[in-house]
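**Student:** Protein sequence lines correspond, in order, to chains A and B.
The letter at position 299 of the first sequence is residue 304 when you use the numbering used here, and the numbering goes up by one with no holes.
The letter at position 207 of the second sequence is residue 212 when you use the numbering used here, and the numbering goes up by one with no holes.
Keep in mind that a hint or two might mislead.
Treat identical chains as interchangeable: a pair holds within one or across any two.
Stated by the list, open to error - In silico DSBU-like pairs for lysine-lysine, Cα to Cα no more than 30 Å straight-line:
1. K149 / K167
2. K167 / K150
3. K286 / K15
4. K15 / K93
5. K320 / K25
6. K318 / K15
7. K237 / K150
8. K191 / K237
9. K286 / K25
10. K93 / K25
11. K93 / K200
12. K326 / K286
13. K25 / K232
14. K56 / K93
15. K237 / K25
16. K336 / K318
Hint data in this document are derived by calculation from the structure and do not stem from the laboratory.
Protein chains: 2
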Amino acid sequence: MGFPINKYSKSMEEYNRALKVIPSGIYGHLGPAEGCFVPVSAFPFFSERAKGTYFWDVDGNRFIDYMCAYGPNVLGYNDEEVDAAAAKQRELGDCITSPSTKMIDFAEILVDTVASADWAFFAKNGGDTTTLAVMTARAFTRRKKIVFFKGYYHGVAPWTQKVDYPGILEEDVANNIYVPFNDYEKLAQVFEENKGEIAAVISQPYMHGNFTDNVLPADGFWQKVRKLCTDKEAVLILDDVRAGFRLDLAGSDHFFGFEADLICFCKALANGYNVSALCGKEFLRNTVSGLTYTGSYWLSAVPFAAGITCIEKMKRLELPKLLHEKGTKLKDGLVACAKKHNYDLRVTGMPALFYLRIANDDSLMLHQRWIAEMVKRGIYLTNHHNHFINYALSDEDIQTTIEVADEAFSVL
Amino acid sequence: MGFPINKYSKSMEEYNRALKVIPSGIYGHLGPAEGCFVPVSAFPFFSERAKGTYFWDVDGNRFIDYMCAYGPNVLGYNDEEVDAAAAKQRELGDCITSPSTKMIDFAEILVDTVASADWAFFAKNGGDTTTLAVMTARAFTRRKKIVFFKGYYHGVAPWTQKVDYPGILEEDVANNIYVPFNDYEKLAQVFEENKGEIAAVISQPYMHGNFTDNVLPADGFWQKVRKLCTDKEAVLILDDVRAGFRLDLAGSDHFFGFEADLICFCKALANGYNVSALCGKEFLRNTVSGLTYTGSYWLSAVPFAAGITCIEKMKRLELPKLLHEKGTKLKDGLVACAKKHNYDLRVTGMPALFYLRIANDDSLMLHQRWIAEMVKRGIYLTNHHNHFINYALSDEDIQTTIEVADEAFSVL
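Whenever a hint applies, use it, and build me the whole structure from the sequences.
**Tutor:** Written out as structure tokens, the structure reads:
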């Protein structure tokens, strides 16, 4: 019982201050509405600083961070090479009336790196690119309907939400069709039933949803989906916002052996600098050009400079291989540790972005208690969201994580 | 005939490089599809650096920039105070799993500064906040319909576009009602005809649309709209993305003597650092809390630090007054110069964000030729979009602008 237990008194003070001026105090993945993701009483509300794989909260507690800002931290927080490139560009200028040529350089490196990319279009949110992808598919095909795989997440625009969510109308989701992932027969049937009406199929490379074990594509599934979309002249959209660059620098479609028509990137694109990208095939270039789509900060040059250096470094490191190794080592260690304590810890998804669940208890409460014990001892995990590996995570960090897990299982 | 005429050979080279990897080469306001905004052969495509009120293109030409990155540049490019605050935060961290308390500080200063703000919610695009505002209004009222004033611009989400635009469906705009600006009778009639069905009225503080003279609110118009919304229990949304902080630091609703329920900010919020904010009234706080709305970079701390310093500096300077004075001096000088050459130059909107049109020629061609002569001589204007004043614009810059205008009118 050696690891100190974190106290969060300053976090709580700050949270009470936040409650006065911010709806819910903290929002996004962290708000009380989504509190099930994080063990509320066990986790810090506000961070003070970050470096490498660690962040420190306002009470001075240090965390080995397996959320990586929900993805953007891929090389380690405050990576010196990326920050130096960004700082150099900032001296010149960032958000200027005319774009910097860094925009071209960034598009060139994406086109060189991503197998299915003939062009790149930059925005700010992952959701900007999923919406642009759907608009592109509709404009190109002159069809309305979009097929989703159940358990999807494509951002927060109304068309991506559910009709019973507050603020969402039936019109927002009127052209959505939902099919189980890996169920090719059902997908083919849906295409039959909606002949000539399906503009696109949109999907993550594999199902990394919340509150559920991650599901990898069945053998041949993507290849059949690709052929069906081609045959039926529907656009195949890959939402690689979450998995992008962690599995394969050439795109997660390349990793699973197919080519998407449009591919959406965000999180790992620039190590946290604010930029997203839609990449696509030549045949959709003119369609994208004809859409009305722009934003106040979309030409900002600093994130382009950061993104160029981030991708160059990921290529130099052959990063996906390293993330796979680190994730595998962590996963094997955690599973063995759980087994020692007679717990059945399931680790699903790919090791670079893995999902955790203790399978001994269907209520999830046991799992949540274990996560709480981990977080209180400085290992930042969440309950029911996938986790992320970054380059700065060392063998020693993994070893510490497993030692903490050992103690956390003991006290359950 | 003293001013040198710019050459754009490197810009053209870079544009040709861009065409290979970016749809249209340049997009947003600058793409060929929108080419009417800028005198294409007369303007630079790519910038090299920026400082104060100037930017330099890749051919080394310097411009006095009246577009201010389409708004974000409000204190001058690379403002040293804002950049220092941002750099200090960057040393600590930017996009981290848990937010920085800078988020709270930023919300506090907005609540202190903006008259109609009881809380603030941060995102990345102006359009993130207009969409959130509409969702909030729908969730609160449990109604569907949204009233727009003709000539509106509220971003690029499908619901803000027109049904005949590519990629847009009739479902996207099925609940939109369009009413002429300043036509209170028509608005009241629309409320009668859609009794109990109108969730919100959304509007800019005045009409600063493209291709048309800007239109200020008629006397008492906003007060009547405010009362009608209150009486009919509809939410009044102010889209202050473009005008915000340039007219009044307390919000453009405050400037025109009313209070909106929700107010959308972006461009001038952080002098170009990438952040937007929805502010609102107490009665909508819980509704916003209950929506599903988040993004990968929305907790980034560097833009919060920049925004805090930007707003503090704008307050210290009493900036709107200065921008009004600078804009008025420029406007008076340009109009007098035009008159000397027998041109009727109309300057509409507020001086801090003015719209230009030479009224002698309905075809707009004469106006476009004049703008081209200005841009070729280093005065960056666009044809049919409003312009922006920033703090770094000096009397000498204004004098130079009028001297160039004199020459440009001469050569027409």
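**Student:** Hint by hint, note whether the structure agrees.
**Tutor:** Here is what the structure says about each hint:
1. K149 / K167: Cα proximity of K149 and K167: in one copy and across copies (18 Å, 16 Å).
2. K167 / K150: Intra 16 Å, inter 19 Å, cutoff 30 Å: intra and inter.
3. K286 / K15: between (50 Å within a copy, 28 Å between copies)
4. K15 / K93: This pair counts as between: shortest inter-copy Cα distance 22 Å, intra-copy 35 Å.
5. K320 / K25: Cα proximity of K320 and K25: across copies only (22 Å, versus 45 Å in one copy).
6. K318 / K15: between (37 Å within a copy, 29 Å between copies)
7. K237 / K150: Only inside one copy: K237 and K150 sit 13 Å apart there, 36 Å across copies, limit 30 Å.
8. K191 / K237: Within. Shortest intra-copy distance 15 Å satisfies the 30 Å Cα cut-off; inter-copy 47 Å does not.
9. K286 / K25: Intra 48 Å, inter 12 Å, cutoff 30 Å: inter-copy only.
10. K93 / K25: Close across copies (26 Å), not inside one copy (38 Å); limit 30 Å.
11. K93 / K200: neither (53 Å within a copy, 57 Å between copies)
12. K326 / K286: Intra 26 Å, inter 50 Å, cutoff 30 Å: intra-copy only.
13. K25 / K232: between (54 Å within a copy, 28 Å between copies)
14. K56 / K93: Both ways: K56 and K93 sit 20 Å apart in one copy and 14 Å across, limit 30 Å.
15. K237 / K25: between (53 Å within a copy, 28 Å between copies)
16. K336 / K318: within (25 Å within a copy, 50 Å between copies)
Hint compliance for this structure: hint 11 alone is broken.
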